[in-house]
Amino acid sequence: DTGVSQDPRHKITKRGQNVTFRCDPISEHNRLYWYRQTLGQGPEFLTYFQNEAQLEKSRLLSDRFSAERPKGSFSTLEIQRTEQGDSAMYLCASSAPSGRATDTQYFGPGTRLTVL
Amino acid sequence: GENVEQHPSTLSVQEGDSAVIKCTYSDSASNYFPWYKQELGKRPQLIIDIRSNVGEKKDQRIAVTLNKTAKHFSLHITETQPEDSAVYFCAASIGGYSSASKIIFGSGTRLSIRP
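Chains as they are written, first to last, in our numbering: chain G, 316 to 431; chain R, 355 to 469.
No wet-lab data here; the hints were simulated from the structure. There's no promise every hint is true.
Below, in silico cross-link-like pairs of lysine-lysine (DSBU-like), each with a Cα-Cα straight-line distance of 35 Å or less [what the hints assert, rightly or not]:
id	chain 1	residue 1	chain 2	residue 2
1	R	Lys422	G	Lys372
2	R	Lys391	G	Lys326
3	R	Lys425	R	Lys411
4	R	Lys396	R	Lys425
5	G	Lys329	G	Lys386
6	R	Lys376	R	Lys422
7	R	Lys456	R	Lys411
8	R	Lys412	R	Lys396
9	G	Lys329	R	Lys391
10	R	Lys456	G	Lys329
11	R	Lys425	G	Lys372
12	G	Lys372	R	Lys376
13	R	Lys425	R	Lys412
14	G	Lys372	R	Lys411
15	G	Lys329	G	Lys372
16	R	Lys456	G	Lys386
17	R	Lys376	G	Lys329
18	R	Lys396	R	Lys456
19	R	Lys391	R	Lys411
20	G	Lys372	R	Lys396
21	G	Lys326	R	Lys456
22	R	Lys422	R	Lys396
23	R	Lys376	G	Lys386
24	G	Lys326	R	Lys425
25	R	Lys391	R	Lys412
26	G	Lys386	R	Lys396
27	R	Lys376	R	Lys425
28	R	Lys376	R	Lys412
29	R	Lys391	G	Lys372
30	R	Lys456	R	Lys425
31	G	Lys372	R	Lys456
Simulated DEER-style distance windows between Cβ atoms [to be verified]:
id	chain 1	residue 1	chain 2	residue 2	range
32	G	Arg427	R	Gly409	32 to 40 Å
33	G	Gly331	R	Arg405	42 to 50 Å
34	R	Asn421	G	Arg396	41 to 49 Å
35	R	Glu433	G	Thr328	40 to 48 Å
36	G	Ser342	R	Asp371	39 to 47 Å
37	G	Gln332	R	Gly395	21 to 29 Å
Using N, Cα and C, we set each Cβ at its ideal position, and we do this for glycine too.
Please construct the entire structure, taking both the sequences and the accompanying hints into account.
If you want it as structure tokens, here you go:
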């Protein structure tokens, strides 16, 4: 499968624990995005990388959230001291440079987080 | 602030009829408008997109129209089939060319096709 992949697909954790998710973008896609989706809502933008540089982070994102893309390939999203409100589907997407400002984004299957 | 509004939230149509979903956006610099289909438990899949230099785009049974003056864009599905049942999301780019690639999603439309 050459699409965007995410690991794990499901994560159940207790409140206060730290969790880390991984995203592998489509090969040669230089842009990578993280979104959060709750039931009945559209994906909510969290942060975005171009190669290894984190270019934007949502103003609504708590300081407990951090993301990295150290080598410009895969990315990790860490949530520290999880809260029940963090329960959601965390989606990753990637896009290839097309010469346009906004490229088509392709989504991964998501990681469903449940905080007990 | 930046937002995309989507209507209706639910839509039920008879198989074979047409379905229309409408969105409005707030950022006048938006220039890219994708539509995604999401089936239960699956990832959002791009079904069609349009850029601001065109007013309409078609792909078989799916078409999207864009009215930049009114900041409206719509998805039209003709000859609906059972497999069209899903949640559909519209989205709009934010910030124009100065803020590459960020898109904001609408809240979704749950489309049901009645046999």
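Here is how each hint holds up against the structure:
1. Distance check on the hinted pair: Lys422(R) and Lys372(G) sit about 28 Å apart at the alpha-carbon level, within 35 Å; holds.
2. Our distance criterion of 35 Å between C-alpha atoms is met by Lys391(R) and Lys326(G), whose separation comes to about 24 Å.
3. For the hint pairing Lys425(R) with Lys411(R), the CA-to-CA distance comes to about 16 Å; that is within 35 Å, so the pair holds.
4. At roughly 30 Å between alpha-carbon atoms, Lys396(R) and Lys425(R) fall within 35 Å of each other, so this suggested pair holds.
5. Using a Cα cut-off of 35 Å, the hinted pair Lys329(G) and Lys386(G) holds, with the two alpha carbons roughly 31 Å apart.
6. Only pairs whose Cα atoms come within 35 Å are accepted, and Lys376(R) paired with Lys422(R) is accepted, the gap being roughly 13 Å.
7. Distance restraint check for Lys456(R) and Lys411(R): the Cα-Cα separation of roughly 22 Å lies within the 35 Å cut-off, and the hinted pair is therefore satisfied.
8. The straight-line distance between the Cα atoms of Lys412(R) and Lys396(R) is roughly 25 Å, inside the 35 Å bound, and the hint therefore holds.
9. As the CA atoms of Lys329(G) and Lys391(R) are separated by approximately 32 Å, the hinted pair is consistent with the 35 Å bound.
10. A C-alpha spacing of about 32 Å is found between Lys456(R) and Lys329(G), which places the hinted pair at or below 35 Å, so the restraint holds.
11. About 26 Å separates the Cα atoms of Lys425(R) and Lys372(G), which keeps this hinted pair within 35 Å; it holds.
12. For a cut-off of 35 Å, the pair hint linking Lys372(G) to Lys376(R) stands: about 28 Å separates their Cα positions.
13. Distance check on the hinted pair: Lys425(R) and Lys412(R) sit about 19 Å apart at the alpha-carbon level, within 35 Å; holds.
14. Distance hint between Lys372(G) and Lys411(R) is fulfilled; the C-alpha atoms sit about 32 Å from each other, no more than 35 Å.
15. Of the supplied pair hints, the one linking Lys329(G) and Lys372(G) holds, its CA atoms being roughly 26 Å apart against a limit of 35 Å.
16. In summary, the hint linking Lys456(R) to Lys386(G) is supported, as the alpha carbons are separated by about 21 Å, within the 35 Å threshold.
17. For the hint linking Lys376(R) to Lys329(G), the alpha-carbon distance of about 40 Å lies beyond 35 Å, and the restraint is violated.
18. With a C-alpha separation of about 22 Å, the suggested pair Lys396(R) and Lys456(R) falls inside the 35 Å cut-off, and the hint holds.
19. Between Lys391(R) and Lys411(R) the CA atoms are separated by roughly 17 Å; this keeps the pair inside 35 Å, and the hint holds.
20. Proposed proximity of Lys372(G) and Lys396(R) is supported: the alpha carbons are some 25 Å apart, at most 35 Å.
21. Distance hint between Lys326(G) and Lys456(R) is fulfilled; the C-alpha atoms sit about 27 Å from each other, no more than 35 Å.
22. Proposed proximity of Lys422(R) and Lys396(R) is supported: the alpha carbons are some 31 Å apart, at most 35 Å.
23. Taking the CA atoms of Lys376(R) and Lys386(G), the gap is near 40 Å; set against the 35 Å cutoff, the hint is violated.
24. A threshold of 35 Å between alpha carbons decides the hint, and for Lys326(G) with Lys425(R) the separation of about 39 Å lies outside it, so the pair is violated.
25. Restraint check for Lys391(R) and Lys412(R): satisfied, since their Cα atoms lie roughly 16 Å apart, inside the 35 Å limit.
26. Distance hint between Lys386(G) and Lys396(R) is fulfilled; the C-alpha atoms sit about 28 Å from each other, no more than 35 Å.
27. A C-alpha spacing of about 11 Å is found between Lys376(R) and Lys425(R), which places the hinted pair at or below 35 Å, so the restraint holds.
28. Taken as a hint, the Lys376(R) and Lys412(R) pair is honoured in the structure, with Cα atoms around 16 Å apart against an allowance of 35 Å.
29. For the hint linking Lys391(R) to Lys372(G), the alpha-carbon distance of about 25 Å falls within 35 Å, and the restraint holds.
30. The straight-line distance between the Cα atoms of Lys456(R) and Lys425(R) is roughly 18 Å, inside the 35 Å bound, and the hint therefore holds.
31. Among the hinted pairs, Lys372(G) with Lys456(R) is consistent with the structure: their alpha-carbon atoms are about 10 Å apart, no more than 35 Å.
32. For the hinted restraint 32 to 40 Å between Arg427(G) and Gly409(R), the CB-CB distance of approximately 39 Å keeps it satisfied.
33. Separated by about 45 Å at the C-beta atoms, Gly331(G) and Arg405(R) satisfy the suggested range of 42 to 50 Å.
34. Checked against the given bound of 41 to 49 Å, the beta carbons of Asn421(R) and Arg396(G), roughly 46 Å apart, stay inside it.
35. Evaluation of the 40 to 48 Å hint for Glu433(R) and Thr328(G) yields a pass: the beta carbon distance comes to about 46 Å.
36. A hinted range of 39 to 47 Å for the beta carbons of Ser342(G) and Asp371(R) is consistent with their spacing of about 41 Å.
37. Checking the proposed 21 to 29 Å range against Gln332(G) and Gly395(R) shows it holds: the Cβ atoms sit about 25 Å from each other.
In terms of the numbered hints stated before, the structure departs from hints 17, 23 and 24, listed from lowest to highest.
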